[in-house]
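Chemist: Chain residues, written in single-letter form:
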Amino acid sequence: AQTIHQWPVAEIKAVGSPLSLGCTIKGKSSPNLYWYWQATGGTLQQLFYSITVGQVESVVQLNLSASRPKDDQFILSTEKLLLSHSGFYLCAWSLGTVGNTLYFGEGSRLIVV
Amino acid sequence: DAKTTQPDSMESTEGETVHLPCSHATISGNEYIYWYRQVPLQGPEYVTHGLQQNTTNSMAFLAIASDRKSSTLILPHVSLRDAAVYHCILRRTGGNNKLTFGQGTVLSVIP
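These protein sequence lines are chains A and B, in that order.
Be aware that the first sequence starts at 32, since it is given in this note's numbering, and climbs by one per residue.
Be aware that the second sequence starts at 705, since it is given in this note's numbering, and climbs by one per residue.
Chain B extracted, bound-state conformation (with noise of 0.2 Å):
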């Protein structure tokens, strides 16, 4: 699976709205853009991902570049639970659903 780069930390505010970076300039056709995101001594929690077009949940506005070379993480408002480290992640198609999780963001929220 192609490799990501991000940030390795960044800090917002309570009540800001975050935009996480991420970069994949090598990524290939046929790999979604995942997001998870994870505290300590807890699962990943999935938050979104997409493939070429932006998504939105409830959790996060997902933003694909159109060359899809890059995306970003949007998190409205943001509150203290939202403090945990961003993972970004390629995944192609098929195979055995293997996740490569790196470093990730670490987002600090100040009250």
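Excised from the complex, chain A in its bound form (with noise of 0.2 Å):
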């Protein structure tokens, strides 16, 4: 059976530090993936997907990046933390671009101070 792990569970940082999160899928290959993210009394937003490795689309700018340097794992990222950075971020994957089910992961979260 696939299964999504996603790490750390929780962090607090300090504004303008760095950030990275990460997403591990396991029992499928070569899965879609995507960071989805979502601020505190908010609804989620896609922030990027990937479809192979090395390559990664972007759908809202937040100052983040997306990495994708193995199939089955997916690294969310950035140098300088922002306060509006806070909130729950959350790995997913599907089999395919087209009609196919996102399975989320358990998520991160983040508080920025």
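No lab work stands behind these hints, which were simulated from the structure alone.
Ideal Cβ positions, reconstructed from N, Cα and C, are used throughout, including at glycine.
Fair warning: there could be bad hints in the mix.
A few chain B residues facing chain A, derived, Cβ under 10 Å [stated by the list, open to error]:
| # | residue |
| --- | --- |
| 1 | P748 |
| 2 | E749 |
| 3 | R795 |
The task is to assemble the complex, starting from two chains supplied on their own in separate frames and drawing on the hints.
Modeler: Next comes the structure, spelled out in structure tokens:
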């Protein structure tokens, strides 16, 4: 069975500090991967998606970047955090882009102070 | 993606069958109706989806109107674990598989 693991579960970071959030998918080869973000009290927004290793498309600009170094790994990062980056970050996967269901991870909670 | 309209909140008692409505009057022919549910500080959980025909799985029954302008998610014999925000989302085939989440319906379940 496929599993999706996100890390860290939660983090408190200072404004201006770097950030790296990770996501690993096991049990599926060549999945499509996605990053979503939810501000506190807000709705989920798609940030990035990737259909293959080394290829990432940006959907919303939030001074964040994403990379896919391996088939089963998706990384979200920034060199300088802003207060507005606080929220809940979710990684998701699907088998393909056409009519395929997205399955979400448990999320990483980020508080920027 | 076309917009959906859901009630802000609904309440039910354990063991009852809950009908969660969703209106999507401007749905396009190539848009699927997806339902997810989410509890605080957890990722959304896939519930079901459909295009035109009613669908059923272990979690729920999805009833889609013949004109596809509305749908109803039916949860039989709800338990406390079914308390969540339920999102009705339209998604067209192709593209970046983007799901546009709204505020959804907050389902409260009373013991």
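Chemist: Could you tell me which of the hints above the structure violates, numbers in ascending order?
Modeler: none
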